[in-house]
Each structure stands twice: as structure tokens, then as C-alpha cells.
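Asker: Residues per chain, in single letters:
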Amino acid sequence: MVEVPIPKEKWTGKIGTTIIGATAEDGGTRGKKVVIGGETGMPFLSFEGSIVNRPAIAGEVIDTLRDYPLLARKAFGDAVEDPVQWSKAWVEKYGVDLICLKLQSTNPEEENKSPQEAAETVRKVLAAVPVPLVVYGCGHEEKDAKTMEAVSNIGAKERLLLGHAEESAYKSIAAASMANNHALIAFSNLDINLAKQINILLTDFGVKKENIVADPLMASLGMGLEYSYSVNERIRLAALMGDSMLQVPMVCDTTIAWKAREATEENDKLGDVDVRAAWWEATTALAALVSGADMLIMRSPKAVEIVKKALHELLGGD
Amino acid sequence: MSCSEVIEVPTAMEIFKLLPKKNCGECKFPTCLAFAMQLANQKAKLEDCPYVSDQAKATLAASAAPPIRLVKIGTGSNAIEVGDETELYRHEKKFFHPTAYALIISDSSSDDEIKAKVEKAHSLRFERVGQLLKMDMIGIKNDSGNAERFAAVAEKVSKMTDLPMILVSDKPDAMKLAASKIAAKVPLLHGANLSNAEAMAAVAKETKCPLVVYEDTSLNQLADLVAKVKTAGVEDIVLDFGAKTLKDLIEKSTIIRKISVKKIFRGLGYPIFVYAGEGERAILRGLISTMKYGSIVAFDDIDPATALPLYVLRQNIYTDPQVPIQVKPDLYAINNPNEKSPLLFTTNFSLTYFTVVGDIEKSKIPVWLQVIDTEGLSVMTAFAAGKLTPEMVAKALEASGAKNKSKRGEIIIPGMVARMSSKLQELTGLKVIVGPKESSGLPKLLKSLE
Ligand code: B12
Ligand code: SF4
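Protein chains in written order, with the working numbering: chain A, 1 to 318; chain B, 1 to 450.
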């Protein structure tokens, strides 16, 4: 019989791992910690020996519903009114690995909640659910500096994943993460060189590589997904080929899929809108995973369910 | 069969060994070695040497063949071409032949069901950023086990559609009857397997139709079967390795693509067919195959709400990484404008242009739309990259004579580039109206201006 060769690459590089969450033995209160990264090959190719840790899924929780689409609320009902109830629904009903808490209410141009109020929300969510937390500010540079400092302190022993540092603003958030040994998201704008640059800046500043998770900006299906897909692949390939400054796990925020109008518009020709929106996000998520994501931040429980099924099969289940 | 199937890309030295070594110069290169070096770099053609032996020709032709065979299915403008890919990752160059999607109809369905399914296949199409996204093929499956019924349904459906067809049966007699009825449409025959390979290959050869080779135990078995079918004289082959799970699907597809494009192994250099089935699992198979090297994906059923994301994924993945999908920069007349109609501008990125035009058309209000050449970048991306400046807008307006078409003395600009207002006003003398950040807000603004 013909012997078909298995084209196993001899990669010299390996993706580092990052731990999120701390259990009692590390002084925290999480029921379980989440470990991401560690690949030694391109995604889902077991013949390259690549799958170490199952990619993790974080459920999105926002502390204001200002920009949250009505369509997305359906799955949670009134729970979205309260970050604690919302987080519990994610964990208890939909089995996510982490909660991603976005503290948008701190935006000085909108609700302008104080850093203390925001930190209090973090404390409540930590008390209500056993999973590790990802925490974002509102995107306003000066305010986030204060908010994230307060968050860092209130979750001191919990090893949060803090979002995010970018080239133009990284020092205060890096300091907030270093102060209490939290992990940190290094954001860059759809460009492999920028992805490397922010990691260099952070490590020069003193952040340890095992504390960094890269966010190369996932563009939505139909809104530039192809750019993200290829940037992610290039980052992962470069890392495996030995570029140590790119050897960190990757997170992709697929809630951006809800910004694509085709995903959420009512239009009979395009089929059921609930189904379509869920698949729009699930498709974006699948493209993120296949191109290298180790962790997803997701909005739709239905999309989470689809992605979990896909992961189950991709990792060898049937 | 032995490892003689494994052919590495020939080096100049290897080619040189096969040449006549006359150094006569008739190939327009001074020596055989110089010619060999040009051949290795694909800068010369073997035919240029009049003295190469047939054996050398055969050896070199085999290694010069495209890594994945181009297979054509159907005829006319709807014909499908799959295969002929050269890359593992799209950023290395691009992916050339988009995954084709097929809807499968059972020949044990009633005539009404068959008609409805054909109509469904035709209705699963959407216009998006100037491209038509559609179901590309219709397949007929021989569930009835009856050759006459199979042939009758194939013939009937072939009259109802212009789409290329697939015939699915493992019975050579049924396949022969059906294929002979619609051979002029060059359907894809699915297919040959371990027990029917010779007879199926004969049908494919006789009807000159491409043939799927199906074998789900291992790629080794599949390669053996492919070699057998090839020996029987069939060249246009499509592979079906009968993926059982998504893991199986992504791994085997990757192995086949990689060994083919890297020319590590030539026996599986053919397009891949995936039977997806129906339901959520089928969509997942479709999505994975679209990203990872599937050429044809067949569904038993699919709905618009899941077909659209699937089609859009294909459109994204198969976009040329060097060239964003763009429209011609120009002054566009929308909804029959006149001198009193407002003037707006946007960029020539297709996604931007069609989103904006869609919103304007919804409002039914006539406008002049100046499309700026931003090399296919969106508003914000172009602005951030310095490819959408007030100077460029002013110049484009001048060149198109827009100010003579719309005589309101105003221009509406995208809300995202409010920062260019005063400069643009200064350069054009037009009053600048800052529009909404998202063009979905345009109808409201346009109405307020009426
Ligand atoms: C995909 C993408 C890219 C792709 C390019 C895609 C393309 N062909 O344009 C790539 C990867 C190449 C890219 C590169 C860059 N990008 Co970019 N990119 C994006 C992304 C993810 C989506 C853009 C998109 O397609 N939007 C969809 C289209 C339809 O939007 P649009 O053109 O703006 O049109 C809307 C509105 O403007 C409005 N509108 C349009 N026309 C009109 C007309 C009128 C009259 C009105 C009223 C309204 C209106 O309606 C439309 C629909 O809502 C965005 C982030 C995001 N999620 O938005 C960043 C983004 C636009 N990019 C950004 C940047 C900074 C860049 C880079 C400079 C950085 C880099 N990475 O190097 C480069 C520059 C490119 C270069 N040098 O060539 C920034 C811009 C920041 C800023 N505020 O200036 C953004 C916002 C990301 C961010 N959050 O930082 N990018
Ligand atoms: S024509 Fe053929 S034989 Fe003559 S130099 Fe060229 S390669 Fe050699």
C-alpha cells in the first residue's frame, strides 16, 4: 500500500502559558484556575502535537446596558440588569470558563461611575461566581488608569486578567497588573509588528511574559474578518518559528460580531434573526480559533453552545 | 505501488541529469546546465529543447503539474472550477478557487418535494458588496436504489436548473444510466469506492465526467484507490475521505493540502469533497472546510440564517489579501438626483460603499455620492492611514465636476471624519455638514434637509 507521509513541521518555538484566576492554594478564592496557551503547533493539528489546553470561553457582562443590543438580552432576561445575576447565569446556565466584566459605566462622558463603585461591582461578581475574571475599563485613558488601580486592589489575590494595554497607553495598567500579580491583555491594531511592539514595551517595563495575553483585534465576519484571520495566523506562525516576543496566548473578543448590521437586522430574506446573530458570532469565533485564539470573549449563549460543540469535536470528541 | 509516488521538486541538478548534454544552444541558453537552471526556476519551457527524451519529458511533466489538479464541473457561466491551489495560508499569496456549496436532493422524494428543493437551492442567494453569493450546485442522491428513478430525477432536475450537478450513487449501473442522460452538463459523479472502482471509473471515462473517489478508512487506502482510478484512465478526480469528526476533517484536509503544495507526495493532489449533511453539525463542517481547504461541501439542507454567515465567511477567506474588494472611484447618481439634490462623499472600499448606498436607497431621496479613491480602505482606516485627506476630497470633487451637479453649495461628510470639516470648507468653499457616524442615520438627516 502507498504510505502517505504526515507533514509534521519541526517548529522550534512554543507558545507560553498564562494562568488566570487563583485558587485557595495561591491565596485566592476561585474554584478553578484557567490555563491557556502552550501550543507546539498550528491550531487543532494533533499530528503536530499542538493541543495542550482547551481554548477558554469568557461570557461578556457589562455594567451598563447603554450600547447593549436588545436582541442579545433575550437569552438572559432581567439578569442583564445586574452584573451579579448576569454572571451567575453565564456560569450556572451556560457553563463558561470565565466572566469578562466590562466596566463601561465608568465612562466620564456617560454615567461616570467612580472607580470605587466599579471595583465594588468586581468584588460582588467575584463573590457570586467561582470562575476567574477578565476585567476591562471603559476605554478612556485617564479614567481607566484609576479604575484599574482600584480593581487591581480589590481583586488583589484573585489573579485577574486586566484589559487592556496598548502602545499609546500601557504604563498605568501595566503598573496595576504588576502591583498584585494580575495577568494583562496586550492590545494591538490588526498588525503583526504592532502585536510584537506592545509585548516588547510591556516586558521592557517589567511585565513578565507569562502574565501577558495578546489581543490582536478580531474583526467581525463581513467586517474585515479576513484581515484578522491572516494576522492571527502570521502571529502564530512567527511564534512557532521562534519569535519569542510573540509567544504568548491570544484572546479574541467576538462580541464585535454584533456590530455587523447583517447579523442583527430584521429581514425575512436573511432568515431568523436570532439564529443568524448567533451564527454570525459563532462563525467569527470559529475563525478566531482556527487562526490561533486561545481564549474567546463572547456575547451570545447560543453562539457559546455552538462553539463548545465545535471545540469538543475538534479536540477529539465525537 | 511504492514510494516512487513521492516526487520532490526537481532541482536544477536533477533536471540537468535528464537533459541530452549536447550544449548545442538551440534552447537559447548556452549550455544544458544553464537551461536546467532556468527550468528549475520556471523561467523556461521544456519544449524549447528539441532533443529531450520522452522518458525525461514524462518524469519532468509529472513534477511540473500543478500541485492540486484543477477540476471543472458543469458548463457555461455557472460552471465550477475547483482545485489548482498553491498556498497553505492565504497571506502567502491567496486562495484561488472558492469552496463550492451544493444542496443534495434525494431521489426518493416526491416530485413536489424535488421541485421545492430546487427552488430552495435557487433562492439561497444574496447580493453582498457587489458580489452574488449563492448555492453553486445541486446534487441528486440515489436513495431509492433504483436506476430508472435516479436517472429520471437527474434528468428532470437538470431541466429545472442551470447549476452544475452532482450524481451520488455507489451503483455503477444506476450511475451509468443517470450520467448518460445528463452527460452534456458534465456532472460530478460520486463515486468510486473500494468495491466499485473499476466500473465507476469506466462510467466516468465513457461520459467524460469528473469522479469522486471515496474511501474513509485511511489516507493510504484513499491514495491507493486514486492510483487505481487513474490507471483506469480517469484524470479529473475529487477526493472524499469521509470525515467523521471536525478533527478528522481539519487534520486530513491539512495533510492533503500540505503534502500536495509542498510536493512531498503527489498522489492526493486533487480537490476535496465534504459531505456535510444537515443541522448544526453540517454548518460547522461547512465553516471548517471553507477555511481549511475544502473545495466542495454538500448539504442535505440549510437555511438562509446559517447560509449567509457561511457564504460571507467564504467571501472573506477568498478575498485577495493584497486587494480589498473595491468600487470605481467616481461621482455616483443615486435615486435620480438633480441640481437641488445633496452631495455626499464616502470611500471606495466595497463594504463602505454598499453600506452607504443601501442606506441612501432606503431613504428614496436622490443624492450625488462622490466616491473617493482610498485604495479600498474604509473611512476610519483610510483616515488613520492618511489616505482620506481634505485635499484628496477637494481634488476628487473638482475632477468629477460635482459642484456643478449639486448646486446646493453644501457637502455631507461621514461623522467619523468630522475633524476635516474646516479644512474641507476652506478648500472647496462648500458648507460642510457633518453627517452621522453610521450611515444608518443618513435617511433621517436627508429627510431633514428636504
Ligand atoms: C478591517 C480594519 C482594517 C483593515 C483594512 C480594511 C479596509 N479595507 O479598510 C486593515 C487591517 C488593513 C487596517 C489597517 C489599519 N487600521 Co484599521 N480597522 C479595521 C476595522 C476592524 C474595521 C473597518 C471596517 O471595515 N469598517 C466597516 C466600514 C463599512 O466602516 P466605514 O468605512 O467607517 O463606514 C461606516 C461609517 O463611516 C459611515 N459612513 C461611511 N461613509 C459615509 C458617508 C456619509 C456621508 C456618512 C454620513 C456616513 C458614512 O457609515 C458606514 C457604516 O456604518 C476597524 C475597527 C472597527 N471595528 O471598526 C479598524 C480601524 C478603522 N483601524 C484603525 C487603524 C488605526 C488602522 C491603521 C492605521 C493601524 C494599523 N493597524 O497599522 C491601519 C492603516 C491602514 C494602512 N496603512 O493601509 C483604527 C482607526 C482609529 C482612528 N480613530 O483613527 C480603527 C477604528 C481600529 C481602532 N479601534 O483603533 N484596518
Ligand atoms: S537545446 Fe537541449 S541539448 Fe541543446 S543546449 Fe539546450 S538543453 Fe542542451
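These are calculated hints, taken from the structure and not from any lab test.
Keep in mind that this is a model prediction, so the values were computed, not measured.
A hint or two may mislead.
A short, non-exhaustive set of chain A residues, derived as facing chain B with CB atoms under 7 Å [as the list claims (entries may be wrong)]:
no., residue
1, MET1
2, VAL4
3, PRO5
4, LYS10
5, TRP11
6, PHE44
7, LEU45
8, ALA145
9, GLU149
10, LEU217
11, LEU221
12, GLU233
13, MET245
14, LEU270
15, VAL290
16, GLU313
Beta carbons: idealized from backbone N, C-alpha and C, even for Gly.
Asker: Hint by hint, say whether it matches the structure.
Answerer: Hint-by-hint comparison with the structure:
1. Here the hint on A:MET1 is kept, as its CB sits about 5 Å from the closest CB of chain B, short of 7 Å.
2. Hint on A:VAL4 holds. Least Cβ distance to chain B is approximately 4 Å, under the 7 Å limit.
3. Because the smallest distance between the Cβ of A:PRO5 and any Cβ of chain B comes to about 5 Å, under 7 Å, the interface hint for this residue holds.
4. With its C-beta approaching chain B no nearer than about 13 Å, A:LYS10 sits outside the 7 Å limit, and its interface hint is violated.
5. Given hint, A:TRP11 at the interface with chain B, is violated; its Cβ is 14 Å from that chain's nearest Cβ, farther than 7 Å.
6. Because the smallest distance between the Cβ of A:PHE44 and any Cβ of chain B comes to about 5 Å, under 7 Å, the interface hint for this residue holds.
7. Below 7 Å, beta-carbon pairs count as interface contacts, and A:LEU45 has one with chain B at about 6 Å; its hint therefore holds.
8. Annotation: interface hint on A:ALA145 violated; nearest CB of chain B at approximately 24 Å, more than 7 Å.
9. Because the closest C-beta pair between A:GLU149 and chain B is about 30 Å apart, greater than 7 Å, the hint is violated.
10. Interface restraint check for A:LEU217: the shortest CB-CB distance to chain B comes to about 12 Å, outside 7 Å, so the restraint is violated.
11. Restraint check, A:LEU221 versus chain B: the minimum CB separation of about 6 Å is within 7 Å; hint holds.
12. Because the closest C-beta pair between A:GLU233 and chain B is about 5 Å apart, less than 7 Å, the hint holds.
13. A cut of 7 Å between beta carbons decides the hint on A:MET245: the least distance to chain B is about 19 Å, and the hint is violated.
14. Against a cut-off of 7 Å between C-beta atoms, the interface hint on A:LEU270 holds, since the closest Cβ of chain B lies about 6 Å away.
15. Evaluation of the A:VAL290 hint against chain B yields a held restraint, the C-beta minimum of about 5 Å falling below 7 Å.
16. At about 4 Å, the closest approach between the beta carbon of A:GLU313 and any beta carbon in chain B falls short of 7 Å, and the interface hint on this residue holds.
Of the numbered hints listed earlier, those contradicted by the structure are 4, 5, 8, 9, 10, 13.
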